[in-house]
Structures are given as C-alpha cells and as structure tokens.
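Quick mapping for you: the protein sequence lines, in order, are chains A and B. Going by the UniProt record's numbering, the first residue of the first sequence is number 1, and it counts up by one from there. Going by the UniProt record's numbering, the first residue of the second sequence is number 1, and it counts up by one from there.
Just so you know, the hints here were simulated from the structure itself, not pulled from any lab data. All of these numbers come straight from a predicted model, not from anything done at the bench. Keep in mind that the hints are not guaranteed to be accurate.
If several chains are the same, the list does not tell them apart, and a pair holds so long as it fits within one copy or across any two.
To be verified - Calculated lysine-lysine pairs in the BS3-like style (CA-CA distance at most 30 Å, straight line):
no.	residue 1	residue 2
1	Lys32	Lys408
2	Lys84	Lys408
3	Lys37	Lys402
4	Lys157	Lys84
5	Lys317	Lys206
6	Lys75	Lys32
7	Lys114	Lys317
8	Lys278	Lys317
9	Lys408	Lys321
10	Lys321	Lys114
11	Lys75	Lys233
12	Lys32	Lys321
13	Lys206	Lys321
14	Lys37	Lys75
15	Lys145	Lys402
This is what each chain is made of:
2 protein chains.
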Amino acid sequence: MSSVREVNPTVRRIRAPTSLQSLAARITEEIKQGGQKPFRQVIDVSSGDPHRAGMAPISFARQVLAVCFYPELLKDERFPLDVKQRAQQLLGVCRGGSVGSYSLTSCGIPYVLKSVAEFITGRDGGVRSHPEDIIISNGSQKSLKMILHLMASGEGKTQTGVLTPMPCPHTLPALLDDNGLTLVPYQLMEDRGWAVDLDELHRALKNARELCEPRAIYISNPGNPTGHVQDRKTIEEVIRFAATESLVLLADEVYQDSVYGLEKEFNSYKRVLFDMGKEYSETVELISFHSLSNALMGECGLRGGYQEVINMDPAVKTHLKDMQAPSSPAVIQQLALEVMVNAPAPGDPSYETYSQEILHSQRTLSQNAQRACEFLNDLPGMNCQPAMGGIFLYPCLNLPPKVLNEAKMLGVEPDVLYCQRLLEEEGVCLGAGCENGQEDPNYHIRLCVLAPPATLEEILARLSSFQLRLLDTFP
Amino acid sequence: MSSVREVNPTVRRIRAPTSLQSLAARITEEIKQGGQKPFRQVIDVSSGDPHRAGMAPISFARQVLAVCFYPELLKDERFPLDVKQRAQQLLGVCRGGSVGSYSLTSCGIPYVLKSVAEFITGRDGGVRSHPEDIIISNGSQKSLKMILHLMASGEGKTQTGVLTPMPCPHTLPALLDDNGLTLVPYQLMEDRGWAVDLDELHRALKNARELCEPRAIYISNPGNPTGHVQDRKTIEEVIRFAATESLVLLADEVYQDSVYGLEKEFNSYKRVLFDMGKEYSETVELISFHSLSNALMGECGLRGGYQEVINMDPAVKTHLKDMQAPSSPAVIQQLALEVMVNAPAPGDPSYETYSQEILHSQRTLSQNAQRACEFLNDLPGMNCQPAMGGIFLYPCLNLPPKVLNEAKMLGVEPDVLYCQRLLEEEGVCLGAGCENGQEDPNYHIRLCVLAPPATLEEILARLSSFQLRLLDTFP
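Next comes chain A alone, as it looks inside the complex:
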C-alpha cells in the first residue's frame, strides 16, 4: 500500500485515540531514564484495570491456572486439594491434556460452555441457559466485535446504526467505526444519576432513522463509565422499546458482580426478559456480554469473555459461529472463565480465603466509590453523581472560560487539555469524557476507583492540588 488512499475506507474512519495514553507512556519512560518530575510515578486510572492499580488477583484462580500450565505442580504439597482437583478436571477437558492444544470447537471447550450456562441459570433464578447459546472469545471487546461485524451492512442511509448511550464505554466508538457502523447517540440523564430515559430513546431513534438504519441498542449495566445501575422497571421499558422497534439488545453486563449502591441489585436483561412472558422471551433478540475483566477477578490482561445469544435466527447464528471458526479462543482464558463462574463452595479448602478476598475487593470498591464521590463533590468546579455499581466515577468539570479558550487556541478538546495538564503536573492519568463519546459542553473526566485505598488517596490529593491551582490561576 503506497499510501493511505489505499487503506480500507472503514479503517480510515476509525477515530484516532486521544494522546493521553502515549503521553502517560512517554512520561513513564522519562522517569525510568532518570528524568526529574514533581512526582515519583504516573498513576493511571483512566481504564478499568484493577491489577495495574495494585489490587491483588484471586488466589484460587491463579493457583489453578499455574497448575494447569505446569501439571508437575499437582504433586506439590503447597496447593489446597480443591485447587489440584480443579486443575486436574480442567486439564482433562483440554485435548491431549494440555492448555497448548486448540479447543475442540470454535465456540469454546464444551465443558466450559456448560459451566458458564449453569452459572447463568443460577444467577437468573433458574431461567435456563443453554451451552449452545454461549460463545467464548478473547475478551468481551472481541465478542462485541463479532456481533458488530455480523450486523454491518449498507452505506449512508442504509448503513446499520447502533443506539449508543452517551456517555458510553470509551472503547466503543472506535469499535463501531472499525466495523462500519453508525453511532446513534442517546443521552443518559446526568441529573437522575445517569438513568436511561424512554422519551430520549424514542427521540434518538426517530432522528437516526433519517440518517441510517438503526438495528441495535447498546446498554451498559452497571454503567461504564456512569456507575448507574438500572432498575427492573427501566429494563422492562428498554426491552419493550427494543421489541416494538425491532432492535437487537446488546447488553454489556461486564460489571454484574459489582453493585454496591444501597438497596440496589443487579438484574440481568435475560432474567427480566424471561419474567416478561413468552411474548418477549421468545422474540426479542438479546446478546449479553461478560468478561474476566470484571471488578472482582480483574483479569484484564488475560483477555477472556463470553456472550450469550438469545432468540437469534438459527441460520444467522451459524454464520456467527463460522466467523470464529478459523481461530478458536485461547484455552487458558477459557479455564480462567470456568474458575470465574464456578467459585469454591462452602466446605472447600479454598473457600475461606476466596470469600475473604472477594469481600475485601467488594468493600474496597464500595468504600472507595463513596469516599471519592464525596471528595470530588467538595472540590470547587467539580460535580459527581454517586455511583451504584461498576468501577468508574464520571464527574462533571466546570471549566473556567480561559481554559476553554486555551483549548480552542491549541485545537484540543478542553477535557483532554485538562487531563494532559493533570498528567504533566501531577502524574495522574484520567480519561477524558470525549473518549466516552460525549460532545456536549459539559466536560467530564473518568476514573477507575477500584484501587488500594492508599493509592486512591494519593490520586485524590494530586487531583485536588491540580484543580485548586487551576482555579487559582484561571479564576
């Protein structure tokens, strides 16, 4: 390809990432080379990456995976019996007894698919999940990519559109671009804690129908980056909306294990759909995504996830499965998923440690979210909706006009400018709201609060000095 003109036009339209990650990498490298900075290291909480921030992995999971990699450890006295039994069981379902062989089917190892289906059935109070509806992939991004690629078609007015919440997960806009889909924004209601509004859905859809062919609605629940947890009534409304308007429901439920708001609970779209009766449960097309990168496992680096596919036309589903056929998902990730959905039970040797570790993560997350929200709301020029779940806070920035002018002069988004300065001056890397697709004049920043409390305090202290200095310089 002698020039960019020859590149796939869809690829050319992928929006470029902001400069924040590369700036963070550059500063980190400068420090490593002995460069002097007003801080010892960069703390990056721009994405949901608990281990990077210092959270510990779940011991049971790591022990099982270590033994699977090196089965000689089955003889090791140091590991609890249930770790060794689980590893032996999992090695037994790998072909040739090795994590180094391909999985039997491109959707995943049948035993793991069955475990996932049993987990979902238990989670949803007995609403049956079937292994043949589960497709495992190298992470929920890849699962979503498969579905978006499957649905992509048309150009201009006939191009497939996806109703997308504003704000949305920061990885989503580029994924829509890369698959040649139109992002159809619907605003979440910040003043109602980022709730979904039915009138807004109708408005967004009506507008979109003049520009493209909307064929799906994306939902993030618990909300990334909003921290909102949808109640049952809202979910029912969204399902009815999807049913009436013939939209596929794409439910990102990656943070289903981390709801901590008072009297809040996680309701899966699948369960609510089936509680609404056959009129809905046998017709509405729903794809739900889950991942190892959730709050409590936090195994982002492993890149493993699955999707459950409900009410898809069987011939379409065959196409979906064929898409993955030349390249089955990695095996060790599949074993990690099995451990995630099939935790140690009371009485198992690992149960006590496992429960304590999970409880510790849950408490840290809940206390951090509350602490950070209160702290941010006490800062001048910042306003944060309380989160009820997920691992992000998404405060609103009231930027001084002089900062807005400077951003305009520099040709950079004001929220990106804010984050650049914060990174350069205090070594804290946050996400900019424009990455979450927001274009309105209410600027936002994004931070993951699942970190050791001492790290969170350090972040808040640095952010506070920066914010106060900023408002002092540009009153």
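The hints should help you fit chain B onto chain A, whose structure is shown.
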C-alpha cells in the same frame, strides 16, 4: 436480525467449514457415552496441533509461565534459578507486576517487542529489526486478519485481491472471505516438491487483473501444508516479482524453526530482501508472521503471535496500530513469546533440559516425516512429495472412479468423502485438500506428522487398512 438477509454480505460469503471437525466431535462424544466403535478413540491430525497429538510442552516455558501466574512460586525450591529470574524479569514489565493488567501499548509490552526485535536481528545475521516494526497479537491468524482488514476495499473489479498459493493453509480461504478479499490462486508445482513457479505467478496475476485489484501475495514458507522449503533463488524471484508488480509480501514464516530436509535451511524473506540491496530493502513492503503455534513450542492453545512490518507508509502503519488500540493482546501470551524468542543460553541451569527437549522434537519431526512419506508412497493409490520442513504431509490420492461417482451422487467433495469414511471406519481425522483451496481433480489429504512415533504408527496402520479395503471394494 430477523433473517440471514440482514447479515453482513461479506460474512454471508464466508465459505462454510467442511463437516469433518463436527463429525470427529460427534464420534468422540458417542465413544464417551459408551457407543461401540471399531477403535478406542479418534486421532485428529488434521491441523497442526502437536500437544493434542501428545507432544510434550517445553518445560522452561511452562515453568516460567506458571510462576508468572502465581508469583508465590518464586519462593519454591523446585524451580531452577533461571526460571525464577526470568519470571521476575517478566513480572517486572507487567503493569502492577501482574499478568492480569492490560499492556501499556496496543502493539505489546515494550520489553517483549524489544526481545522479539533482537531475536529477528540474530536470526537474520545482523540485519536490524526494530521494536516499532513489531505488532503482537492473539495469534498469527489475528495478525493476518488485521492486515487483510487494512487492505480490504472495493467491490467486484476494484476489490482487493491476494495472490494465494494452491494449496494454502486451510484457515486462509475463510479469512479472505471474511475480510471481503478476492482469493487469486497460483498453483504450486507438485512434481517439483511444491515449488513456486515464476511463470505461474505471472499467469495468475495477469488473469486476476481482469477480475479484481491484486495488491498482495501470500507466501507460506516452510510450506503449510506442502512441507516445501523455498531456496534463496526462489525468494529473490518472488521479491523481484512483488517489487515489479507493486504487491505487498505477506510471508507466513510460522514454521521457520522446523526445517529438516537434507542441506535445506530457512531463509527469511526479510534477510533475503536486505541482501538484495537498497533498491529492494527500502521499497518492498513486507509483513512477516510468526507464532507460538510453531513446531517446537507447539503452544497452539495459547494463541499468541507477532508480525514484523517493513517499508509500510508511516501513515498507513498508524492506522494499522490504531486498529488494535481498543483491545491490546493478552499478556501471558506475550510473556510466552518472550520465552520463545529468548531461550536459555549455554551455562543456564535450564539449558540442558531445554536443548534435549528441542532436539527430541526436531528428531521426532524429521524421522516421522520421512517414515510417513515412505509409508504413504508404498500404499497403492497414494503419492506423497517428501517434505523438507513444517509439520504437514500432503499426499495425492488416486481415487477409484466409483468413489468419485459416489461423491457426486452424495453432493460432497471426493476428498471430504474419503476423510469422512476414514473417520467413521478407523477413527483417524485427516484434512481434506479442498479445505486448502484446491479444486483440481488431483485430490489430496493433509496430515500433521508432529506426534509421538507410536501415535504416528497407529495412524499409518489405520490409514493403510482403510486404503487397502477401499481399493479392494472399488478396484
């Protein structure tokens, strides 16, 4: 999506896989459920998957990865010092010291990129490789998919075409389909041990120019599934051809570590390109692929690979890197790649064991390939070119006319019918030549010969009884 009509037209055009894998899975399941078969288990050597066939993993790699998963093992006396040092070094380059965090850049962990570049430089006798030219992905299939997606454009006569060897790796045709590219076949010369023929390249390109816009040529060296190893003169010819015709070189060099033919050696396209002088080394666009699924590591289930990108327009390269941005490659796979390219050195505690394991694999592969080739050539109705590298044999079948008629009646490819019967009657799963893109009347089968010698003998014995019975029934 209420029906297949709404599916992405490109996805609809993906050729369906043959029924062989699902038949193998069904028979395996029947045996598990107690079904009576004339064999105890299915042996599947249709794809290159050494661990599944019973080859052992490299201990050093598995030990390092186990420790990385569970760093408590750093205290363990059982592991050699160099294993622990390597694990500590690798954990040090993971953010938060955990394999559970995302990698810093979407191309891979900088330290691993540097190791890969050093390995390539060493392999190519000092021709420099640069970390910024390396992109790591979840396997060489994914690397190739990125490039194909980048190059995809147009429809009909303007659609991007890729010159593709016949036979080609069996996963390639569906990958081209899925990315909306035209497969432009060029025949390899079976009677010359599957060599590339320059006249045939020109013929194929000329024909193709009336049907699409050929913009790349795919090369598999050592050849999958042919076992051919290209000599330096051929590589020079192909490079000159690509230069003259402005084609991007896509060099699948996954089996670079397994050349065993007498007086044969592996020459990388990169090295030959640079030996040809600046006229070529500064202009010809080359992308070379390597993978953990190679012969000696054999870690297919891990799904890790990299590509080295030479002479790509910088703006195009930025697009390529942005494509992977929302979803960096899995970390544990990257660490496995580091171990692959940076083996224990003489004097290291693990060196002795490592060298013996590698030598054992190499010897098994070489002896198996020779043994199987001789055995197949002794069977009536079969003719096999000797392999010089890679892990497949690809014998030609001389099928009786009655079998061809039966296949026609059943509406199935004759080579697929042959493999189905072999699977049902003898429990051996081979690949059918049509999966490798071959449409000519010379039918072929594909088998991976990297397996323990006893397994290979079992395969050959079963294949022999089947073949003799077939020729007896249909003389």
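Right, here's what the structure says about each hint:
no.: 1; hint: Lys32 to Lys408; in the structure: neither (33 Å within a copy, 68 Å between copies)
no.: 2; hint: Lys84 to Lys408; in the structure: neither (60 Å within a copy, 52 Å between copies)
no.: 3; hint: Lys37 to Lys402; in the structure: within (26 Å within a copy, 80 Å between copies)
no.: 4; hint: Lys157 to Lys84; in the structure: neither (57 Å within a copy, 59 Å between copies)
no.: 5; hint: Lys317 to Lys206; in the structure: within (29 Å within a copy, 39 Å between copies)
no.: 6; hint: Lys75 to Lys32; in the structure: between (41 Å within a copy, 28 Å between copies)
no.: 7; hint: Lys114 to Lys317; in the structure: within (18 Å within a copy, 41 Å between copies)
no.: 8; hint: Lys278 to Lys317; in the structure: within (21 Å within a copy, 50 Å between copies)
no.: 9; hint: Lys408 to Lys321; in the structure: between (47 Å within a copy, 28 Å between copies)
no.: 10; hint: Lys321 to Lys114; in the structure: within (17 Å within a copy, 36 Å between copies)
no.: 11; hint: Lys75 to Lys233; in the structure: neither (53 Å within a copy, 53 Å between copies)
no.: 12; hint: Lys32 to Lys321; in the structure: between (45 Å within a copy, 24 Å between copies)
no.: 13; hint: Lys206 to Lys321; in the structure: neither (33 Å within a copy, 36 Å between copies)
no.: 14; hint: Lys37 to Lys75; in the structure: neither (49 Å within a copy, 35 Å between copies)
no.: 15; hint: Lys145 to Lys402; in the structure: neither (40 Å within a copy, 46 Å between copies)
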